[in-house]
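Participant: Each residue of the sequence shown is one higher than the one before, counting from 1 in my numbering.
Honestly, the hints are just simulated from the structure, not real lab data. Certain hints may be false.
Pairwise CB distance ranges, derived in the manner of DEER restraints [stated by the list, open to error]:
| id | residue 1 | residue 2 | range |
| --- | --- | --- | --- |
| 1 | 149 | 125 | 29 to 35 Å |
| 2 | 117 | 154 | 16 to 22 Å |
| 3 | 103 | 143 | 21 to 27 Å |
| 4 | 100 | 124 | 24 to 30 Å |
| 5 | 149 | 66 | 26 to 32 Å |
| 6 | 99 | 129 | 31 to 37 Å |
Don't be surprised by glycine CBs; every beta carbon is placed ideally from N, CA and C.
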Amino acid sequence: MIASLRCSNLRASAVRGPARGRSTAVIVRARGPIMTKKGVAFKKGGGAPEEEMEPFDDDDIGTAGLAAIALGLPANPLCYWSEFTLATTGKGLPDGPGGALGAAEGISYLVIVAIVAYSLYTKVATGRGLPPGPSGLLGAVEGLSYLALLGGIAAFAFKP
């Protein structure tokens, strides 16, 4: 049995199945644009009236994106190692030969903060996060950087 309800430019149909008269599907179709006080709510055929966002071009990430990939890939594991060491011993990584390891640790934290700041800036400026990049590397670096930042905050907060 099909029941229909017509109201201005809306048409709702409820299809009742054999399960004791319970409604199993409700279909709402607009025969034209649905007008609200603020303007058009939905176009004919459904969907929001906003323009469709174009998909990201994976290869067009720019110089900043390439730098984020190149610096973020080695910086994230170094930060994770440093956070683990801080959480278990209460100290950061040892200085290493000539202070190189300590310097790399500090630079890695700066890279992580820069990647997160770049991601947040892109989100505010464009309404989207960073594009995935070639082979999804920029998206992976972005996600790992957020995890490293969160891990760093937790390691400093709960250090012994």
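Participant: Each hint needs a verdict: does it hold in this structure or not?
Facilitator: Do the hints match the structure? See the list:
1. 149 to 125: 29 to 35 Å: Because 20 Å falls outside the window, the suggested range is violated.
2. 117 to 154: 16 to 22 Å: 19 Å, holds
3. 103 to 143: 21 to 27 Å: Since the Cβ atoms of residue 103 and residue 143 sit about 26 Å apart, the hinted range of 21 to 27 Å holds.
4. 100 to 124: 24 to 30 Å: 36 Å, violated
5. 149 to 66: 26 to 32 Å: 21 Å, violated
6. 99 to 129: 31 to 37 Å: 36 Å, holds
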